[in-house]
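Be aware that the sequence shown starts at 173, since it is given in our numbering, and climbs by one per residue.
Think of the hints as simulated: they come from the structure by calculation, not from any bench. Since this is a predicted model, take the numbers as computed values, not measurements. A virtual CB, placed ideally from N, CA and C, is assigned to each residue, including glycine. One or more of the hints may lead you astray.
Derived DEER-like restraints, expressed as beta-carbon distance ranges [claimed, not checked]:
hint, residue 1, residue 2, range
1, N296, Q319, 37 to 45 Å
2, S190, G282, 39 to 47 Å
3, L186, I237, 22 to 30 Å
4, Q319, N219, 33 to 41 Å
5, I208, D176, 13 to 21 Å
6, S193, S277, 17 to 25 Å
7, K235, S193, 36 to 44 Å
8, K267, L186, 17 to 25 Å
9, L218, N296, 17 to 25 Å
10, I321, E290, 36 to 44 Å
11, N219, N286, 25 to 33 Å
12, D232, N178, 33 to 41 Å
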Amino acid sequence: MQFDHNYWMNQALLLAKSVKSEVPVGAIIVCNNQIISQAVNKMEELNDPTAHAEMLVIKDAAKKINNWRLDSTILYVTLEPCSMCAGAIINSRVKKLVFGAYDLSCGACGSVINIFNEFGKEKNIHVIGGICEEESSRLLKDFFSKQRIKA
Numbered sequence: 173m174q175f176d177h178n179y180w181m182n183q184a185l186l187l188a189k190s191v192k193s194e195v196p197v198g199a200i201i202v203c204n205n206q207i208i209s210q211a212v213n214k215m216e217e218l219n220d221p222t223a224h225a226e227m228l229v230i231k232d233a234a235k236k237i238n239n240w241r242l243d244s245t246i247l248y249v250t251l252e253p254c255s256m257c258a259g260a261i262i263n264s265r266v267k268k269l270v271f272g273a274y275d276l277s278c279g280a281c282g283s284v285i286n287i288f289n290e291f292g293k294e295k296n297i298h299v300i301g302g303i304c305e306e307e308s309s310r311l312l313k314d315f316f317s318k319q320r321i322k323a
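Required output: the full structure, derived from the provided sequences and hints.
Now the structure itself:
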């Protein structure tokens with residue numbers, strides 16, 4: 173059975189919803205209709221500004237398949253990647269990137285800049301945004317409104 177983008181994005185959303193003390197972003201990498209890697213943001217937990225869900229899921233997938241080239245995979249992430257993550261996605265040769273919410277403050281897939289148009293053309297990575305956008309956005313808005321109340 174072949175699953176669609178909504179199915180896989182919902183899997184990433186389930187991951188994001190499990191996050192308690194981090195910005196709730198979930199990422200999965202799918203290969204041959206199976207999840208081979210999954211991750212959430214861990215910047216606070218690891219005290220690492222590079223520990224975005226996308227960076228962690230790429231590292232884990234490359235380790236699992238014993239190859240840094242992820243050219244037969246699809247990366248699903250609940251928030252539009254930043255420039256750091258977009259660069260890692262391009263370098264890892266992911267075949268397709270699918271994201272949920274647009275990031276109007278630092279999105280690098282067209283919201284603020286488009287790293288893929290500037291530097292990823294030769295890698296031919298297909299980018300699809302706005303899958304389960306409303307639910308992804310709501311999850312982030314709820315998190316940040318709770319953070320403001322705490323402050």
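Worksheet item: For the pair Q319 and N219, does the Cβ-Cβ distance stay inside 33 to 41 Å?
Response: At roughly 18 Å between Cβ atoms, N219 and Q319 fall outside 33 to 41 Å, so the hint is violated.
Worksheet item: Okay, S193 versus S277 on CB: inside 17 to 25 Å?
Response: 21 Å, holds
Worksheet item: Given a hinted range of 39 to 47 Å, is it respected by the beta-carbon distance of S190 and G282?
Response: For G282 against S190, whose Cβ atoms are near 28 Å apart, the range 39 to 47 Å is violated.
Worksheet entry | 33 to 41 Å as the expected CB spacing between N178 and D232, which holds or is violated | Violated, since D232 and N178 (Cβ atoms, about 24 Å apart) do not stay within the stated range.
Worksheet item: When you take the CB atoms of K267 and L186, is the distance between them in 17 to 25 Å?
Response: 23 Å, holds
Discussion item. The hint says 13 to 21 Å between I208 and D176; measuring C-beta to C-beta, is that right?
Written reply: With a Cβ separation near 18 Å, I208 and D176 satisfy 13 to 21 Å, so the hint holds.
Item to complete: Just tell me: holds or violated, for the beta carbon distance of L218 and N296 against 17 to 25 Å?
Response: 32 Å, violated
Discussion item. A range of 37 to 45 Å was offered for this pair. Does it hold for the Cβ distance of N296 and Q319?
Written reply: 38 Å Cβ-Cβ, so the 37 to 45 Å window holds.
Worksheet item: Does 25 to 33 Å hold as the CB distance between N219 and N286, or does it fail?
Response: 31 Å, holds
Worksheet entry | Range agreement (Cβ of S193 with Cβ of K235, hint 36 to 44 Å) | 25 Å, violated
Item to complete: Return holds or violated for the Cβ distance of L186 and I237 against the range 22 to 30 Å.
Response: 23 Å, holds
Discussion item. Holds or violated: the 36 to 44 Å window for the beta-carbon distance between I321 and E290?
Written reply: 38 Å, holds
Checked against the numbered hints above, the structure violates hints 2, 4, 7, 9 and 12; every other hint is satisfied.
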